[in-house]
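In order, the protein sequences belong to chains B and G.
Numbering follows our numbering, in which position 46 of the first sequence is assigned residue number 157; successive positions increment by one, without gaps.
Numbering follows our numbering, in which position 262 of the second sequence is assigned residue number 256; successive positions increment by one, without gaps.
Quick caveat, the hints were computed from the structure, so don't treat them as lab data.
It should be emphasised that the depicted structure is a prediction, and the values quoted were computed from it without experimental measurement.
Don't take each hint at face value.
[Claimed, not checked] Residues from chain B shown here face chain G by an in silico Cβ test under 7 Å; the list is partial:
| hint | residue |
| --- | --- |
| 1 | 260 |
| 2 | 264 |
| 3 | 267 |
| 4 | 270 |
| 5 | 271 |
| 6 | 272 |
| 7 | 277 |
| 8 | 279 |
| 9 | 281 |
| 10 | 286 |
| 11 | 305 |
| 12 | 307 |
| 13 | 309 |
Glycine included, every Cβ here is placed at the ideal spot set by N, Cα and C.
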Amino acid sequence: MLITQMKDKETILSLVDNKKVFIINCQGCMEVHFPEEEAKAFQKELAEGGNVTGVITTDYICNPDNMKLRLKKYEKAIADAEVILVFSCGVGVQTISDYLEDKAVFAACDTIPMPGFQGVTPLQVDCGQCGECYLNLTGGICPITACSKSLLNGQCGGTKNGNCEVDPDMECGWERIYRRLAMVGRLDVLNCPVQIRDYSTDKETAKKPETEGN
Amino acid sequence: MRITELFDKGEFVISAEVGPPKGTNIDHLVEEAKTYLTDVTAVNVTDNQSSVMRLGSLATCKVLKDNGMNPIFQMTCRDRNRMALESDLLSAAMFGIDNVLCLTGDHTKLGDHPGAKPVFDLDSVSLLHAIKCLEEGHDIAGNELVGEPPKFAKGAVVSPCSDSVDVQLAKMERKVAAGAEYFQTQAVYEPEKFIEFMEKAKQFGVPVQLGIVIPKSVGMCRYMNANVAGISIPESMFDELKADKEKTKAGITGVEISARIIRECKPYCQGVHIMAMGWESKVPDILKLAGIV
Ligand code: SF4
Ligand code: SF4
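Required output: the full structure, derived from the provided sequences and hints.
Shown next, in the form of structure tokens:
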């Protein structure tokens, strides 16, 4: 689960720099929370300046075939624009900039993972795609995303009043894990061998072995 | 000298903590340690304490050792990945520094480099495991070391007065299983809670040093109650600190309280660890008043 959060207006305006702009909104994806209202209001303001050549609101621009098909109708508006402003997660922006390689493609949003934002976003759980799921050792609560330090072997010393040292409004993930294990009578799994992350299977590193040595 | 040898002999082990400065001059630190920590068998050196960047723990340990003291190298997992941690352990062993205290470490967001990357590649448990691997002659990835493997006294920490004490005990058990040979505790202000904790912890069969942070002032205690994990200071102690302002300012109240806590807890633990935080000069008085030197 990801959240896209609009960059502040000044930043976006300085990227557009009064040039002709085509806007792409990616919405409807269940994996990413999108700041719809805020984006709409900002784009309206921008359009009043008369420099917007077109706006498309679509979904799954991260799928190149789908995205190309959707953009077809807007060929002229895209050709007229000097800047493409994309309101989507980082994957969407990257797919667009790959496709429109001769345009200045800018991300209007920051993509952030969800932990610490429970209640703000539609879902309460998250997976960090760590590549070797620990849920069976942690009562079904993900230690990677529920603990601010992604600890695998238990609670750190920073818990205060059951909450996390990093975010006092967030319940400590290991407090939750311990409670759940106690509830289901599985505290004995805490006696499992020492757990050590294998970053060679992590989503960050798994796909780019060629960076070794750089 | 490994402090586990002292525990094995049944000694009540006294240690104290020093924090390296944010700079390169440690003459003052060394002088204070030499003057006031003479009755202390080992001196912990903190590792970028509270996530504030400072002079390194290992380098400071080396200087203390060169000055005839017995350092305990504190290592957190916040700033180094497993390769850097293992490498620093080998460096420590080469310097003859053979006491290590393993901590997960505070998060980077709490310190003076909030934008720094928090590492936490290992945690306190897997760091203990890494040390055990080195002692067995191979690194954590299973690659063999060349020559004589190092040998450390492997320490860890625990919070006996945490409001999550059962979760802390579970973690303590995991640390023991991973190789922890002694524990130092977070500051204790409630002897009853500590004693209760020790009743449960003694099943693990590892020595525990009672942690002491000298209560310097009402303000400091209020701050700790509000912000420091695993610490709760009872109201009666505030009354004590407020009763005679001059005495508290002179540090006498803090010394008395610390000595009293040590006396009350001593029968239940195997040593004491004093975190003086700038009040190193009070350490001899505390030890004397507690009747342990
Ligand atoms: S443990 Fe790993 S795979 Fe399992 S939910 Fe958490 S991040 Fe995802
Ligand atoms: S307080 Fe809990 S959630 Fe926060 S870092 Fe420590 S163990 Fe993880």
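- Just pull the numbers of the violated hints for me, sorted ascending. Hints 8, 9, 13 contradicted; others consistent.
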